[in-house]
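Undergrad: So you can see what is in the structure, the chains are spelled out below.
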Amino acid sequence: MMEITEGSHAVAEAVRLCRPQVVSAYPITPQTHIVEALADFVANGTLDAEYITVENELSALSACVGASAAGSRAYSATTSQGLALMFEVCFNAAGMRLPIVMSIANRAMGAPLSIWNDQQDSISLRDSGWLQFYAEDNQEATDLHYIAYRVSEDPAVLLPSFVCFDGFILSHTYEPVDTLSQEDVDKYLPKFAPPERLDAKDPVSFGMYATPEYYLEFRYETDRALKGAKDVIAKAGKEFEALFGRDYSAPVEGYSLDDAETVIVAMGSICGTVKDAIDEMRAEGKKVGLLKIRVFRPFPTEEVAMFLKRAKRVAVLDKNISLGAKGATVLEVKDALYGSAIPVKGYILGLGGRDVRKRVIREIVSLVEKGQGDQFIGLRKEVL
Amino acid sequence: MCQTLCPEGCVHEDEEGFFDPDYSFCKGCGICAAECPKEAITMKQEEK
Amino acid sequence: MACKTCELFDSGHRACGGCGAALAARLVTKAAGTDTIVVSSTGCMEVFSTPYPETAWKVPWIHSLFENAAAVASGIEAALKKQGRKEKIVIMAGDGATFDIGMICISGAFERGHDFTYICYDNEAYMNTGIQRSGATPYDASTTTSPAGSHSFGNKRPKKDMPAILAAHGAPYVATASIAYPADLMQKVEKAINTPGPCYVQVHAPCCTGWGFEGDQTIAIAKLAIETGLWVNFEMLDGKITRAKKVVRKPVTEYLKTQKRFRHLLSQNSRMRKLLPYRQWQTGTPRSTGSISNSRKNERINHFFRGFPFYLYHQDGNMILQHDLS
Chain A
1 MMEITEGSHA VAEAVRLCRP QVVSAYPITP QTHIVEALAD FVANGTLDAE YITVENELSA
61 LSACVGASAA GSRAYSATTS QGLALMFEVC FNAAGMRLPI VMSIANRAMG APLSIWNDQQ
121 DSISLRDSGW LQFYAEDNQE ATDLHYIAYR VSEDPAVLLP SFVCFDGFIL SHTYEPVDTL
181 SQEDVDKYLP KFAPPERLDA KDPVSFGMYA TPEYYLEFRY ETDRALKGAK DVIAKAGKEF
241 EALFGRDYSA PVEGYSLDDA ETVIVAMGSI CGTVKDAIDE MRAEGKKVGL LKIRVFRPFP
301 TEEVAMFLKR AKRVAVLDKN ISLGAKGATV LEVKDALYGS AIPVKGYILG LGGRDVRKRV
361 IREIVSLVEK GQGDQFIGLR KEVL
Chain B
1 MCQTLCPEGC VHEDEEGFFD PDYSFCKGCG ICAAECPKEA ITMKQEEK
Chain C
1 MACKTCELFD SGHRACGGCG AALAARLVTK AAGTDTIVVS STGCMEVFST PYPETAWKVP
61 WIHSLFENAA AVASGIEAAL KKQGRKEKIV IMAGDGATFD IGMICISGAF ERGHDFTYIC
121 YDNEAYMNTG IQRSGATPYD ASTTTSPAGS HSFGNKRPKK DMPAILAAHG APYVATASIA
181 YPADLMQKVE KAINTPGPCY VQVHAPCCTG WGFEGDQTIA IAKLAIETGL WVNFEMLDGK
241 ITRAKKVVRK PVTEYLKTQK RFRHLLSQNS RMRKLLPYRQ WQTGTPRSTG SISNSRKNER
301 INHFFRGFPF YLYHQDGNMI LQHDLS
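Chains as they are written, first to last, in our numbering: chain A, 1 to 384; chain B, 1 to 48; chain C, 1 to 326.
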């Protein structure tokens, strides 16, 4: 059903339809509307879940760990400082192979304190073993929750997922979104049936300690499962398309890519702006295209290499920076293109909610054509 | 008493009602000997 | 339902010989029975009971992190409620996880009133990492981060009053117990499990390795702690003390001299002996604090006995409940 709705509400509705049994979250801007909407659903009987009003984010995810281990579908949402506070729980959940889904309304990391958007928070947890999906718009933000539960709970994966969408830009923006019905989602997402759970009828121990003789193998298995998730995403995405007409099988998506000489690589809501800028530049005869990354973990190295192999130059946009080095995406893209002669340049932009307009994208295209890059875009000299 | 207080839980009652430790799990801590009200248990150091 | 004949905490774990915590785990699981899910925090018990691929736990068990057992238990409780299951949840956490790093999670979980039983096995320091002081370390105890030395008497702070803190959160049942009195311990654990809401039992679990005594003395020392008044066994229902074990107090030095962590207090070092008001402890006739003129000495004695609700204190060697005084 098509409706104009705020991003947060669309996400909350999608989560409701996924029938989580335990919701455990701590409010933090700009995720608050999601958790408030879910509380409302529970209070009015449209979501049959236990809603735990935890006292901090560390407890929020810890409660999800307990609930998931006990065999219930669990959900949380956070961002920025909250995600950082649950840092060790993220590694713990992935290591224990618990398919929790958590919405991340991407927000900058302090200090300095910022409530506005960039992708530093989830990017900083790319090592944790969680799948990472990035939404371009509210439709994707909504759909990716169904996909995330479906993929996470697949017995070949059993890993938790972040569904990331830009804070305020998507979470607080009204867009037309096609929300599914309960019957639709029940058809797509089966009941949560983990192979093991905490159960007195068949006792098992979760989260033991591993000596050097065993630890490496655990990590190998987790990495293998995460990399293997690519195939599970392909299958789940194709099934979603068959049922609902939107294809999520590929971890990347090309726009105007066929004969593009300059290719922009980007992730998240910025892709909307990039597409508009590309339309303008194409009308002027410039051969520019976009490679959008929708799944950041497991990183689609092969797909990126394949889609970029005919480009003459690549401009990677990063709404994050690994301080002291480069943006996270440009490093991965360079790795994917290692051995090729295609020049790859990275651009740090949009941090802390700094607006990115079409003209900024055009500036970047000029820069990469001149071979200039690996810089911050839009620095205000008067502030420095 | 020894069965209750053994931290290893390795003291078991046999058919005759005597309590004996399972030596594959006994760590030789000596609590059983120290607590037995009848002083029925003595600790003996194994050969080095 | 309790299962006194069950051994739900199996032999073969890697605890030190004579470990008080291991015994506590055995007794608690007996009191809890098979229909239990145990949540452990990081610490000695978790480490010595589950070296992959072996586990000592014959009940479902989960360990997440050091500080979050109460939060994990909250999630399990929610899941069981939604699934209509009846298993009981028992948290087993050391004093480090309970008094210190876990405070946020415990406070939140108790405030929300989840139905679980929180057992703190109190060996009075961070034992697993090598005997560092915790909020439960008694006054003047020597640990690796509060060592006794020429400029220090050891731990500078009295024991945190965790039972009172949790009673203040509205916990319907709070108790302290000791492995020296196993029947009492199991009874209290069973009562806590059968009381709806968040219940707390703090179990004294002497640590031979950390406190410095031979492994066969664990029970004897646990008993001495109670007999000298440095550990008090009591029960609180809805925040009011309803039962306490009364003792005719033995001189405190009888307890202190048994453990390496306190021996510096009794050394022949004349500087120490001058500064500490041990005379009354040694003669075994503790006087009420009003009779000691030096206010700093008062403080030291008061600090030594803190860690339990002030409702209990000593007069003429006897432990009495506050309401008895009126």
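Keep in mind that the hints were calculated from the coordinates and are not lab data. It cannot be assumed that every hint is accurate.
[As the list claims (entries may be wrong)] Short, incomplete list of chain A residues facing chain C, as computed with Cβ under 8 angstroms:
#	residue
1	46
2	50
3	55
4	64
5	69
6	70
7	200
8	205
9	206
10	244
11	262
[Unchecked claim] Computed list of lysine-lysine pairs in DSS-like fashion (alpha-carbon distance at most 25 angstroms, straight line):
#	chain 1	residue 1	chain 2	residue 2
12	C	81	B	38
13	A	287	A	275
14	A	191	C	82
15	C	223	C	250
16	A	191	C	81
17	C	250	C	4
18	A	201	C	4
19	C	4	A	191
20	A	201	A	191
21	C	86	A	201
Model, not experiment: these values are computed from the prediction. Note that CB positions come from ideal geometry on N, CA and C, so glycine has one too.
Undergrad: Now look at each hint and say whether the structure bears it out.
TA: Verification of the hints:
This hint is violated: residue 46 of chain A has a C-beta 15 angstroms from the nearest C-beta of chain C, more than the 8 angstroms allowed. Given hint, residue 50 of chain A at the interface with chain C, holds; its Cβ is 4 angstroms from that chain's nearest Cβ, closer than 8 angstroms. Annotation: residue 55 of chain A was flagged as interfacial toward chain C, and the flag holds, the nearest CB pair being 3 angstroms apart, inside 8 angstroms. Interface hint status for residue 64 of chain A: upheld, as the beta-carbon distance to the closest one in chain C is roughly 6 angstroms, under 8 angstroms.
Using the Cβ-Cβ criterion of 8 angstroms, the hint placing residue 69 of chain A at the interface with chain C is satisfied: the shortest such distance is roughly 5 angstroms. The restraint placing residue 70 of chain A at the interface with chain C holds, with a minimum CB-CB distance near 4 angstroms, inside the 8 angstroms limit. Because the smallest distance between the Cβ of residue 200 of chain A and any Cβ of chain C comes to about 5 angstroms, under 8 angstroms, the interface hint for this residue holds. Restraint check, residue 205 of chain A versus chain C: the minimum CB separation of about 4 angstroms is within 8 angstroms; hint holds.
Taken as an interface hint, residue 206 of chain A checks out: its beta carbon lies about 4 angstroms from the nearest beta carbon of chain C, inside 8 angstroms. Look at residue 244 of chain A: its Cβ only gets to about 28 angstroms from chain C, farther than 8 angstroms, so that hint breaks. At about 47 angstroms, the closest approach between the beta carbon of residue 262 of chain A and any beta carbon in chain C exceeds 8 angstroms, and the interface hint on this residue is violated. A threshold of 25 angstroms between alpha carbons decides the hint, and for residue 81 of chain C with residue 38 of chain B the separation of about 49 angstroms lies outside it, so the pair is violated.
A threshold of 25 angstroms between alpha carbons decides the hint, and for residue 287 of chain A with residue 275 of chain A the separation of about 13 angstroms falls inside it, so the pair holds. Distance hint between residue 191 of chain A and residue 82 of chain C is fulfilled; the C-alpha atoms sit about 14 angstroms from each other, no more than 25 angstroms. Taking the CA atoms of residue 223 of chain C and residue 250 of chain C, the gap is about 11 angstroms. The hint holds against a cut of 25 angstroms. Our distance criterion of 25 angstroms between C-alpha atoms is met by residue 191 of chain A and residue 81 of chain C, whose separation comes to about 17 angstroms.
Distance check on the hinted pair: residue 250 of chain C and residue 4 of chain C sit about 33 angstroms apart at the alpha-carbon level, beyond 25 angstroms; violated. Between residue 201 of chain A and residue 4 of chain C the CA atoms are separated by roughly 19 angstroms; this keeps the pair inside 25 angstroms, and the hint holds. A hinted pair counts as satisfied when its Cα atoms are at most 25 angstroms apart, and residue 4 of chain C with residue 191 of chain A does not qualify at roughly 38 angstroms. Using a Cα cut-off of 25 angstroms, the hinted pair residue 201 of chain A and residue 191 of chain A holds, with the two alpha carbons roughly 20 angstroms apart.
A distance of roughly 12 angstroms separates the Cα atoms of residue 86 of chain C and residue 201 of chain A; the hinted pair therefore holds under the 25 angstroms criterion.
The earlier numbered hints that this structure contradicts are 1, 10, 11, 12, 17 and 19.
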